[in-house]
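Which chain is which? The protein sequence lines are A and B, in order. So the first sequence is numbered by numbering that gives the first Met the number 0: it starts at 0 and just counts up by one. So the second sequence is numbered by numbering that gives the first Met the number 0: it starts at 0 and just counts up by one.
Hint data in this document are derived by calculation from the structure and do not stem from the laboratory. Do not rely on the hints blindly, as some may be mistaken.
[As the list claims (entries may be wrong)] Straight-line Cα separation of at most 25 Å, SDA-like style, residue types lysine to any residue; simulated pairs:
| # | chain 1 | residue 1 | chain 2 | residue 2 |
| --- | --- | --- | --- | --- |
| 1 | B | K244 | A | G176 |
| 2 | B | K244 | B | H185 |
| 3 | B | K244 | A | E28 |
| 4 | B | K244 | A | L175 |
| 5 | B | K244 | A | R197 |
| 6 | B | K244 | A | M141 |
| 7 | A | K67 | A | R13 |
| 8 | B | K244 | A | R37 |
| 9 | B | K244 | A | S174 |
| 10 | B | K244 | A | D152 |
| 11 | B | K244 | A | E155 |
| 12 | B | K86 | B | L184 |
| 13 | A | K67 | A | E28 |
[What the hints assert, rightly or not] Covered stretches of chain B, as calculated for chain A (at least 3 residues, CB under 8 Å):
| # | region |
| --- | --- |
| 14 | 256 to 262 |
| 15 | 275 to 281 |
Since we're looking at a predicted model, the values are computed, not measured. Where a beta carbon is used, it is the ideal one built from N, C-alpha and C, also for glycine.
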Amino acid sequence: MNVATIDLAEHPTRTLNAALHALRSDTNETYWRVLNPRGKHALAAGVDAPVRVEIAGHAGYYCAGMNKHATVVIEGNAGNGVAENMMSGHVLVQGDASAAAGATAHGGFLVIRGNAAARCGISMKGVDIVVGGNVGHMSAFMAQAGTLTVLGDAGENLGDSIFEAEIFVRGTVASLGSDCIEKPMRAEHVAALAARLRESGFEYADPATFRRYGSARKLYHFRSDNAGAY
Amino acid sequence: MCGIVGLFLKRPGQEASLGAHLAVMLATMRDRGPDSAGFAIYGTENEYIKLTLRGAAEADLQGLADMLDVRVDLLSTHAVLHAPVEKFPAIREKLGSLPGITIVGAGRRMVLFKEVGLPEDVAARFGLPRMAGTHGIGHTRMATESAVTTDGAHPYTTGMDQCLVHNGSLSNHNSVRRRLIREGLHFETENDTEVAAAYLSWRMREGDSLETALYASLNDLDGFFTFVVGTRTGFAVLRDPISCKPAVLAETDDWVAFGSEYRALVDLPGIENARVWEPVPARVYAWEHAA
Numbered sequence: 000m001n002v003a004t005i006d007l008a009e010h011p012t013r014t015l016n017a018a019l020h021a022l023r024s025d026t027n028e029t030y031w032r033v034l035n036p037r038g039k040h041a042l043a044a045g046v047d048a049p050v051r052v053e054i055a056g057h058a059g060y061y062c063a064g065m066n067k068h069a070t071v072v073i074e075g076n077a078g079n080g081v082a083e084n085m086m087s088g089h090v091l092v093q094g095d096a097s098a099a100a101g102a103t104a105h106g107g108f109l110v111i112r113g114n115a116a117a118r119c120g121i122s123m124k125g126v127d128i129v130v131g132g133n134v135g136h137m138s139a140f141m142a143q144a145g146t147l148t149v150l151g152d153a154g155e156n157l158g159d160s161i162f163e164a165e166i167f168v169r170g171t172v173a174s175l176g177s178d179c180i181e182k183p184m185r186a187e188h189v190a191a192l193a194a195r196l197r198e199s200g201f202e203y204a205d206p207a208t209f210r211r212y213g214s215a216r217k218l219y220h221f222r223s224d225n226a227g228a229y
Numbered sequence: 000m001c002g003i004v005g006l007f008l009k010r011p012g013q014e015a016s017l018g019a020h021l022a023v024m025l026a027t028m029r030d031r032g033p034d035s036a037g038f039a040i041y042g043t044e045n046e047y048i049k050l051t052l053r054g055a056a057e058a059d060l061q062g063l064a065d066m067l068d069v070r071v072d073l074l075s076t077h078a079v080l081h082a083p084v085e086k087f088p089a090i091r092e093k094l095g096s097l098p099g100i101t102i103v104g105a106g107r108r109m110v111l112f113k114e115v116g117l118p119e120d121v122a123a124r125f126g127l128p129r130m131a132g133t134h135g136i137g138h139t140r141m142a143t144e145s146a147v148t149t150d151g152a153h154p155y156t157t158g159m160d161q162c163l164v165h166n167g168s169l170s171n172h173n174s175v176r177r178r179l180i181r182e183g184l185h186f187e188t189e190n191d192t193e194v195a196a197a198y199l200s201w202r203m204r205e206g207d208s209l210e211t212a213l214y215a216s217l218n219d220l221d222g223f224f225t226f227v228v229g230t231r232t233g234f235a236v237l238r239d240p241i242s243c244k245p246a247v248l249a250e251t252d253d254w255v256a257f258g259s260e261y262r263a264l265v266d267l268p269g270i271e272n273a274r275v276w277e278p279v280p281a282r283v284y285a286w287e288h289a290a
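If we strip away everything but chain B, and leave its shape as in the complex, we get (with noise of 0.2 Å):
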C-alpha cells in the first residue's frame, strides 16, 4: 500500500500556502499508509545549508549550536541547523562524529521530516501547515517488509536538496546497493527505496538530468514502483513499466500535484477545473523551476 503526495507551486507569490496545502494531502493519504509519515519542503534559498537533524536531545542541541556557532531551530524530535556554506564541511564531519545523531537530510532548499505516528498526527508535531514553500513531497506508509520505525519512514535523501518517496518495493536493492556503495555513495538504512534515491543521485552526479537519471532507472531498477521526486528546483513522477501502483496527476495555471488517488487532491484550490490524468506507465514527468 502506502500513499505519496506531491505538490509543485507553478507561479510565485502561493509559497505561503505550500505547507498547509500539503498537510491535507498527507492526512488524506492515512488510509494508504498509517503507521508513518514524511515530508520534504523547499523553501527559500539563502547563504546557509539547512541540515535536518533527528537524535539530540533537546538539551544537547544548545550546546550544539553554541559549539557551532549556528542556529539550530528544534521542531518536535528533529531539528534544521543553518551552516554557513564555507563551514558546511566541517560542521557535517563535525555531526558525523557525534553519537546519536542522524544527518536526515541536507540542501539549500530542502528540509525533511519523517517520523512514526498517523500521518495527520506527523503533519502537526514539525507544523507543516504553517511552512512555506515552492514544492513539496510526502508519504504515508503501510510497512509490509521492515519495521515500523523513523528509518523505515520516507523521504530518502542521498544528496544535497535530493529526496524520494516510493511506493512499491524493490527486488535487486541488495545488488544495485553493492554497486552504488562501490561508486562511493552511502547507505544509512537496509531499505529499498534508499537504494532508488541513491541511484538517482549516483546517476545525476555523472552528468545526467533528473529525467534522463530516471529513465535509465528503468532498466536497472527490477520491481514495481511509482516515484515522486524533489530537486532544488524540480519535481517528477515516473511509474514502473507494469504500473501496479496507482497515480493520479492534476495540473492548473498555478501548480502540479500528484496523489495515490485522487482523493488527495481534492481540497486543492482550483481543482474543479484542474486537468487531472492518470500518468502512463515508464514516461517521466517533470517539472522544473528557472534555477
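Next comes chain A alone, as it looks inside the complex (with noise of 0.2 Å):
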C-alpha cells in the first residue's frame, strides 16, 4: 500500500487539510502519515472519504473535528475538541485527550485510550465514546444520544441535563449531575457494552463490571403539575 507522507515541519497546516479534503470516496490514496504535528490545531479536521490517517505525535486543538468517513489515529495526546462534531467515522487517541472530546458528535467511534479532560461528551448526538482512563466534570452534560464508556472514574456531575445518551462507568463517580440517575444494567446493556469495549480494544474489561448512568427524564419533560408555576 502506498503512503502518503505530509511532514508539517515543511509544509503548513493548510497543505494537509487541503489534500484530505480533495480525496474523493473512491481515492487509491487510503493511507496519510503526517509528521512533526508539534501540536498545531485543526489537523486533518473535515476529511470526507474512507481512508486512514496517522498522526505522529500530539496534536492541538480540533483534530479530527467533523470527521466523515475516516479512521484518524494520534500517536500522542490530542489538544481541546478532538473528533468534535464527528458524523462517522473512526477516531483514536492513543494518549490522554484534553477537554470537550466528541463534542456534539453525531456519530462514528471515539476511543481514547489514557484519560480525557472536563466536558468530554458534552452535548454528543449519537457518536459512541470509549476512554480507557478517567473522565473530567461535566462529562456527558446535556448528551442528548449515543453512549460514553469510561473505564476508570468520572468527574463530578456526570451526566448534567442529560437527555437520552447511555453512560457506563467501571470506576467510581464522584457525583451525578442534574437528572442524571443510575439505571439497572440489564442483558441488553451488557451484550451492547461488550461488543464496543471489544471494537475499541478493551476487549479485556468485563462489561458486568459497569454501572449504568442516564435521565432520569424530570428535566426536559414538562410536568402539567408545574403548569401553575408559569
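Using the hints, build the complex out of the two chains.
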C-alpha cells in the first residue's frame, strides 16, 4: 500500500487539510502519515473519505473535527475538542485528550486510551465514546444520544441535564449532575457494552463490572403539575 | 485568550539556557496574545536586591546611579538597579518619590520586564534569550477588558521575588482589593490579576506556604483562571475548578514546563520523552528548589 506522507515541519497545516479534503470517496490514497504535528491545531479536520490518517505525535485543538468516514489515529495526546462534531468514522487517541472530546458528535466511534479532561462528550448526539482512563467534570453534559463508556473514574456532575444518551462507568463517579441517575444493567446493555469494548480494544474489561447511568427524564419533560408556576 | 508559559530547571548547570527556551515558548504563544508580553526571570542570588524600574529616561539613569551610588543597567525601556541589602529600604523610598519612575519588581533573584508589542519583539528588546536563571514565567496578552498598556501587561508582582501570570478573569477583584488594602497591600493598577498576586502575597505574609495560599485562593477568588506563580525558589500552577482556560504541563528529569498549549513546549530538549499531561482542576502543582 502506498503511504502518502506529509511532514508538517515542511508544510503548513493548510497543505495537509487541502490534500485530505480533495480526496474522493473512491480514492486509492487511503493511507496517510502526518509527521511533526507538534501540537498544531485542526489537523485532519473535515475529512470526508474512507482513508486512514495517522498523526505521529501530539495534536492540538479540534483534531479530526467534523470527521466523516475516515479513521484518524493520534499517536499521542489530543488538545481541546478532538473529533468535535464527528459524523462517522473512527478516531483513536493513544494518549490523553483535553477538554470537550467528542463534543456534539453525531456518530462514529471515538476511543481515548488515556484520560479525557472536562466536558467529554458534551452535547453528544449519537457518537460512541470509549475512554480507557478517567473523564473530567461535566462529562456528557446535555448529552442527547449515543454512549459514553469510561473504564476509569468520572468527575463531578456526570451527565448533567442529560437527554437520551447512555453512560457506562467502571470506576467511581464523583457526583451525578441534575436529572442523571443510575439505571439497572440489563442483559442487552451488557451485550452492547461488550461489543463496544471489543471494538475499542478494551476486551479485557468485564462489561458486567460497569454501572449504567442515564436520564431520569424529569428535567426535559414538562410536568403539568408545574403549570401554575408560569 | 492570553497565553502563559513557565519553565523550571530542576538540575544545576542548565541556567544559561533558560532565557533562550523561554523566549521561544513566549513567541509561540503570540497567537494567544499578540498585543503585549512580559516575563520574570529568577537569576543568581548575590548581595544585592534587584529593582526592575520603568519610566526613567536614559539620561536620568546615570544621575540616579550616581545619586544613590548603585549600579543601574539599562535594558530598553526598563532598568535594573542593584541595591545593597542595607540600603534597599532607603533606595525604595527615594525611588517612590521620583516622578515617572515605576518599580516593576523587586527581589533577591527576580527581574521582571513587560511591554506592549509582539511577544517575540518584547523578548528581543529586553534580551531575554541571553538571560540566565533557574526558573522563569511569561505571559502574552490579548486585552479584553482594559487598554493595551504596559501597566496592563503581566506578570504582576506584589511581594519580593513573587510574581504571577494569569489567563482568565476575576469577577470579585474589587471587593478583594478593598479587603487587601485594609490589610496594608499596595496596588499600582485596577487590574484583576494584580489582586490575585496581592492575595497570594498577603497569605504568604501571614504564614501560608505558596501551596496553602493557592488552595485558599480557590475559596476567595471568584472567576476563571489558570495561574502560574513564581517565587524565589519555586514555581506553581493552579487552575480554577471549572477550568475553562487551557493548560499543559510537561516534565523530564531536567525540567518542568508549563504552556497554555502543548505547542509552546515543542522545542524544549527531550520533549519527545517528556511526561505530558493536563493539570486537573483545583489542584496545586508546585516545584521547589532547596532554598
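We went through each hint and held it up to the structure:
1. A distance of roughly 22 Å separates the Cα atoms of K244 (chain B) and G176 (chain A); the hinted pair therefore holds under the 25 Å criterion.
2. Straight-line distance between C-alpha atoms of K244 (chain B) and H185 (chain B) comes to about 28 Å, which puts the hinted pair past the 25 Å bound.
3. With a C-alpha separation of about 38 Å, the suggested pair K244 (chain B) and E28 (chain A) falls outside the 25 Å cut-off, and the hint is violated.
4. At most 25 Å may separate the alpha-carbon atoms for a hinted pair to count; K244 (chain B) and L175 (chain A) meet this at roughly 23 Å.
5. Pair hint K244 (chain B) plus R197 (chain A) does not hold up; C-alpha atoms about 35 Å apart against a cutoff of 25 Å.
6. Restraint check: the Cα-Cα separation between K244 (chain B) and M141 (chain A) comes to about 21 Å, which is no more than 25 Å; the hinted pair holds.
7. Using a Cα cut-off of 25 Å, the hinted pair K67 (chain A) and R13 (chain A) holds, with the two alpha carbons roughly 18 Å apart.
8. Between K244 (chain B) and R37 (chain A) the alpha-carbon distance is near 20 Å, which keeps this suggested pair within the 25 Å criterion.
9. The hinted pair formed by K244 (chain B) and S174 (chain A) meets the criterion: a straight-line CA distance of about 23 Å does not exceed 25 Å.
10. Taking the CA atoms of K244 (chain B) and D152 (chain A), the gap is about 22 Å. The hint holds against a cut of 25 Å.
11. Using a Cα cut-off of 25 Å, the hinted pair K244 (chain B) and E155 (chain A) holds, with the two alpha carbons roughly 18 Å apart.
12. A threshold of 25 Å between alpha carbons decides the hint, and for K86 (chain B) with L184 (chain B) the separation of about 22 Å falls inside it, so the pair holds.
13. Between K67 (chain A) and E28 (chain A), the direct Cα distance comes to roughly 16 Å. Compliance with the 25 Å bound is thereby established for this hinted pair.
14. By the rule of at least three residues with a Cβ nearer than 8 Å to a Cβ of chain A, the coverage given for the region 256 to 262 of chain B holds, with 3 such residues.
15. A stretch counts as covered by a chain when three or more of its residues have a beta carbon under 8 Å from one of that chain; for the region 275 to 281 of chain B and chain A the count is 5, and the coverage holds.
Taken one by one, the earlier hints fail for this structure at numbers 2, 3, 5, listed in ascending order.
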